[in-house]
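Below are the chains, spelled out letter by letter.
Protein chains: 6
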Amino acid sequence: MEIFSRPDGRACDELRAVEFIPDFAPNATGSVLSCFGSTRVVCAATLEEKVPGWMKAQGVTGGWITAEYSLLPYSTLTRKPREISKGKQEGRSVEIQRLIGRALRAVVDLQKLPGYTLWIDCDVLQADGGTRTAAITGAYVAARMAVGRLMERGLLKENPFTSSVAAVSVGIFQDREILDLNYLEDKDAAVDANVVMTGCGRFVEVQGAGEESTFSQEQLDRMLALAKKGLSELSTKQQAVLAAE
Amino acid sequence: MEIFSRPDGRACDELRAVEFIPDFAPNATGSVLSCFGSTRVVCAATLEEKVPGWMKAQGVTGGWITAEYSLLPYSTLTRKPREISKGKQEGRSVEIQRLIGRALRAVVDLQKLPGYTLWIDCDVLQADGGTRTAAITGAYVAARMAVGRLMERGLLKENPFTSSVAAVSVGIFQDREILDLNYLEDKDAAVDANVVMTGCGRFVEVQGAGEESTFSQEQLDRMLALAKKGLSELSTKQQAVLAAE
Amino acid sequence: MEIFSRPDGRACDELRAVEFIPDFAPNATGSVLSCFGSTRVVCAATLEEKVPGWMKAQGVTGGWITAEYSLLPYSTLTRKPREISKGKQEGRSVEIQRLIGRALRAVVDLQKLPGYTLWIDCDVLQADGGTRTAAITGAYVAARMAVGRLMERGLLKENPFTSSVAAVSVGIFQDREILDLNYLEDKDAAVDANVVMTGCGRFVEVQGAGEESTFSQEQLDRMLALAKKGLSELSTKQQAVLAAE
Amino acid sequence: MEIFSRPDGRACDELRAVEFIPDFAPNATGSVLSCFGSTRVVCAATLEEKVPGWMKAQGVTGGWITAEYSLLPYSTLTRKPREISKGKQEGRSVEIQRLIGRALRAVVDLQKLPGYTLWIDCDVLQADGGTRTAAITGAYVAARMAVGRLMERGLLKENPFTSSVAAVSVGIFQDREILDLNYLEDKDAAVDANVVMTGCGRFVEVQGAGEESTFSQEQLDRMLALAKKGLSELSTKQQAVLAAE
Amino acid sequence: MEIFSRPDGRACDELRAVEFIPDFAPNATGSVLSCFGSTRVVCAATLEEKVPGWMKAQGVTGGWITAEYSLLPYSTLTRKPREISKGKQEGRSVEIQRLIGRALRAVVDLQKLPGYTLWIDCDVLQADGGTRTAAITGAYVAARMAVGRLMERGLLKENPFTSSVAAVSVGIFQDREILDLNYLEDKDAAVDANVVMTGCGRFVEVQGAGEESTFSQEQLDRMLALAKKGLSELSTKQQAVLAAE
Amino acid sequence: MEIFSRPDGRACDELRAVEFIPDFAPNATGSVLSCFGSTRVVCAATLEEKVPGWMKAQGVTGGWITAEYSLLPYSTLTRKPREISKGKQEGRSVEIQRLIGRALRAVVDLQKLPGYTLWIDCDVLQADGGTRTAAITGAYVAARMAVGRLMERGLLKENPFTSSVAAVSVGIFQDREILDLNYLEDKDAAVDANVVMTGCGRFVEVQGAGEESTFSQEQLDRMLALAKKGLSELSTKQQAVLAAE
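Those protein sequences? They're chains A, B, C, D, E and F, same order as listed.
Using our numbering, the final residue of the first sequence is 441, and nothing's skipped along the way.
Using our numbering, the final residue of the second sequence is 441, and nothing's skipped along the way.
Using our numbering, the final residue of the third sequence is 441, and nothing's skipped along the way.
Using our numbering, the final residue of the fourth sequence is 441, and nothing's skipped along the way.
Using our numbering, the final residue of the fifth sequence is 441, and nothing's skipped along the way.
Using our numbering, the final residue of the sixth sequence is 441, and nothing's skipped along the way.
Some hints could be false.
Calculated lysine-lysine pairs in the PhoX-like style (CA-CA distance at most 25 Å, straight line) [said to hold, decoys possible]: (1) F/K383 to F/K424; (2) A/K284 to E/K282; (3) D/K282 to E/K276; (4) B/K246 to A/K282; (5) C/K276 to F/K424; (6) C/K284 to D/K252; (7) D/K252 to C/K424; (8) A/K276 to F/K284; (9) C/K282 to F/K282; (10) B/K252 to A/K282; (11) C/K282 to B/K284; (12) B/K276 to E/K282; (13) F/K284 to E/K284; (14) A/K276 to E/K284; (15) B/K282 to C/K276.
The hints are simulated quantities; they were obtained by calculation from the structure and are not laboratory data.
Chain A with its partners taken away, still in its complex shape:
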């Protein structure tokens, strides 16, 4: 009987060790180091007392949440040149930071952030696959911490969050659907999907893609089922660290 085993010995439906180290960047309003195995992302939330120019121009009320993402140059196995050295962001960074922003906004009532922008900064300290999902999952924790403190300080009157949000990757590796891919799995996966879900079990975003491969409805269904299992566990871990605040 053929035995399938993942490079690090995990079961197909098993997350890596997940940890959120709070107040990693003490000058931010809220921050964590979000660890999914060896992937480590600094997630920091900071309030700014103004809204983007386009909101004013278009007369949109309420507030805004925006995210920025970068790979620190020493996060990868070979040094990654800084984007500033070329003067512009890579397409991949742009995509990821837009995804983080949408994920957070999907669980926030922006009317309850009147006149404010909540900045979400995600900088990858160590990259071992799944940096965008560790970023979104940690960003929620950092943002929720920030919101709690801003409510204590009286800067916010109500909690703008309508739910929690987390993200996880799933993929097809050696013809099996697996949960929470590390770098070794990710680079050889035929299909890679990122699933963003609220704590109530509703999808915020589903992005599944095969760069040089394709997938069937059945494979998609199995990946989504794995994702839901992982997201339920991540949601529990988020609540635990926030409860300890």
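Let chain A serve as the given structure and place chains B, C, D, E and F on it in line with the hints.
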């Protein structure tokens, strides 16, 4: 009895009028104007006799397909400033052109484009929702035309395409799942998804997102079913225009 | 007796087939596809309800007309990389769009565009020589159409145009002065001149240059005479398409 | 009887005081300060022992001449911000430096600069109208000086110049054609033309334009006649300073 | 008797708590989190197997050390926008990273890094004054760790370091010379100096400046004496953490 | 007995010939060509009637002084490409212009420039070592001239200068401390320092560095003594040219 009706009177599972006008840009190797209703996208495929620098640097064999996307300034209802006037592309354009490139590469054996880059240019002449899906669907037609001509001229020995590819949008509008959203529907949709699929009915990419909303598994399933119906019709239309070549 | 013949068989004083296809970009206020033989340029005019910052800063009254020009990447025989990929416009594009703007402003009373900017966008779909002259000639038609519609809608009270404007190229090719050079003629011409003239037969701009050659007063005189003949014909064609509006 | 007088009392066909101060930038191969009245332009010519990338790529033999132009920030009556502070050149500078390059190349046999690029730098120290014509006229002197020295040092075998070149402005000011406009005249001129001519009296470039005005054939003829008179005098002055070398 | 006291109660010649947390960025060859009180800087050293283009062009042998510095957006009390959002580095960052590079190169025999570039990345996680001195002092530790590991792996044959290097700030605050200024002291200091010194007690760099103030020879002498005391202590701490490797 | 001699025969404590040619850029409010031997720097001061955006945003009163520095392309022995050709300033230029700005601000009471920015432009016409010290020393003269004229015109009520300021380089060359290094000395110096001092003999800035070398307290002391001698002479020359105004 409450009657639901779409702004342009279409049924929920009905595509807009779709047309591919061939050789719209005669200096390209292959080109079409891809029309999904009022959305019109120039799709042009051109062969370049070299590969990107990173392929040489990493010793990757075969060829490459890359895409570029822009909204022409007069494509929108209010004039859209050119990206060159700010010196950099918007995040949205970067995301879309990366998606177009991945969609095409998923149905191509890059080893059969040895030493070549196939450039896919998609410029939106008129935008009325679904520009990225009209771009992908038209890009396949333009690229397949180009490949046919390159084989006739002896520049390519074999057809590198392993299947056709098309894309369509689906979404949730006024609590109903609908197919192929136009601009009016798109701007008010709670959820918007783009589905890229091969002519053989396998998923290439699924991207579903709710900017300030979420969706259930059942809603996702209904959206994917609508998409499959639309994609089957688009695939038929692609074959028809290619057969007429 | 030696017989001179142009590559496409035209007489020395003969224009290419000229056509203006109206409403090519329906979201613009006015637009045409301007065709001079195989040269095809999308010309679109759009009104913006504000004036450039420098006008406010300097207290200049009235409105403004500004133009932008680009070669679409598939317009040339070998693919032309987009300017955005280098982050800046080429000198040639900058020169041409400044020329288009000056040409239009020369026949407009800017006081009759109070508080408005009229944007002229010229994108070359197919380049076969003379793209700047096709752009100027088509830009007038697009702008005049736009003005007519803005007057109908009551946005403009008076027609700001004081005359029509058109442009044509002339040059010295194989020691003969010729009218309306195509690409084959242009690349081998010893001298190349562009002449912009009002419908009343007054010069707006004369630009004659020999990159690695020079020319006499007599040659200049003969080129200007050819240009006047061509410009008279172009003016008639402009009036015809505008009359059909 | 109505008396016309120019702001500085010159006759209509009179140049300003013209002077070329040699070796103004001693580290250049050849240099002058080119003075047309209060307009002062540093013109420097420097040889580089390589050709532009496009010449190698296209297999073009010989050498190249390229020019760069800038207004120093203290050259104008109110300080002009440096282009580097915005990260890109203005359209006006791009146009002028392209014109200077073409003017020089028109009187040079590039085959006699094998493998070399001759850089022409023109920086305006004081601007009082006609900076581009002072630049071209001085650039020829600097470049010719440089060529003489390079021949002495054996770096060049033959003189690549086939003729001299100079430039002057003419215009229509208060309904009169005048020669060599200063700033006061230039800003109120209805028509402004720049004429570049060889020492043998052949045109290199004619650029006549009315920003918000137009001109007749007779006016053009009178302007060209004035330009020829001025250019003949400038050519004599160029020869004098070069003879003193 | 008037009592002078520093905001945090330190003596004038007292360093803040200094700590170097090793392997903070495990994918770098060597790394520490360098802590001077609340100032925390990630310092990472990574070897690249090539030298800068100018070394090849100029035929310079040996290797190179180069540094990059950034303030992470959440390091400051109010969020600091990323430099990439403006497309260019601030002058302050450029100055600091050039200083870090010079400091390291002053204690390295570049011939013993043949064909290599040692990249030093310094990213500030928390800023409370003295980020450049914490960066230099930590950078030496990270680089020395990296060198030890590269020698173990046989990539380097010899230790290129000729000495250790550290840096500290001194300044004049409320008319007293003080050591190792925190942010509160730094922003009100009349004079601020940074001193870089080898472990052997020789100066590498002395930079003393008063933005809107000046200082006497005696004040400079007292500041340098304080710096030497602090640098001797920092050198001892560097050796301790390196000995524990 | 071994005889040390400097390349140009000067004594170790001897300045080069120093001259300030006034009104070199007549359109500036004040200007000089600052000559230290063959090093020639255009220094121009111009008043702008507004303050930087950050002053308004932070509610800072008074005025500002800011400096810009560039090497003209023909100032160096081999042509130096313009910074605009790469779209950004070099680190070296940024450092130098920040130093010039700080030096001037240190001797100015910014409250006496209410609502104004004094721009200091320094462009190097010929570079032979010490361009930044010639720039600072000349910038003071230009700025002081400008201030005198602005007081005459009634634009400034009081002289904002509290002292004069000058700068000089010192270094260690062939194991000797020398004053005012030219290019030949500078490129082989083990240590290079720039000292900025007021006319009253107080330090404004001391920057001493050894790129691949280090220095002792005694060497620093000897360099500072040389600098003071030179700065005293420079101050006398500054007063002389200003007295002649």
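Evaluation of the provided hints:
Using a Cα cut-off of 25 Å, the hinted pair F/K383 and F/K424 holds, with the two alpha carbons roughly 23 Å apart. As the CA atoms of A/K284 and E/K282 are separated by approximately 9 Å, the hinted pair is consistent with the 25 Å bound. Note on D/K282 and E/K276: the hinted pairing holds, with a Cα-Cα distance of about 21 Å set against a maximum of 25 Å. Note on B/K246 and A/K282: the hinted pairing holds, with a Cα-Cα distance of about 23 Å set against a maximum of 25 Å.
Distance restraint check for C/K276 and F/K424: the Cα-Cα separation of roughly 60 Å exceeds the 25 Å cut-off, and the hinted pair is therefore not satisfied. As the CA atoms of C/K284 and D/K252 are separated by approximately 23 Å, the hinted pair is consistent with the 25 Å bound. Note on D/K252 and C/K424: the hinted pairing is violated, with a Cα-Cα distance of about 41 Å set against a maximum of 25 Å. Between A/K276 and F/K284, the direct Cα distance comes to roughly 22 Å. Compliance with the 25 Å bound is thereby established for this hinted pair.
Straight-line distance between C-alpha atoms of C/K282 and F/K282 comes to about 11 Å, which keeps the hinted pair within the 25 Å bound. A distance of roughly 20 Å separates the Cα atoms of B/K252 and A/K282; the hinted pair therefore holds under the 25 Å criterion. A threshold of 25 Å between alpha carbons decides the hint, and for C/K282 with B/K284 the separation of about 9 Å falls inside it, so the pair holds. For a cut-off of 25 Å, the pair hint linking B/K276 to E/K282 stands: about 21 Å separates their Cα positions.
With a C-alpha separation of about 8 Å, the suggested pairing of F/K284 with E/K284 holds against the 25 Å cut-off. For the proposed pair A/K276 and E/K284, the alpha carbon gap of about 18 Å is at most 25 Å, so the pair holds. The suggested pairing of B/K282 with C/K276 holds, with an alpha-carbon distance near 20 Å, which does not exceed 25 Å.
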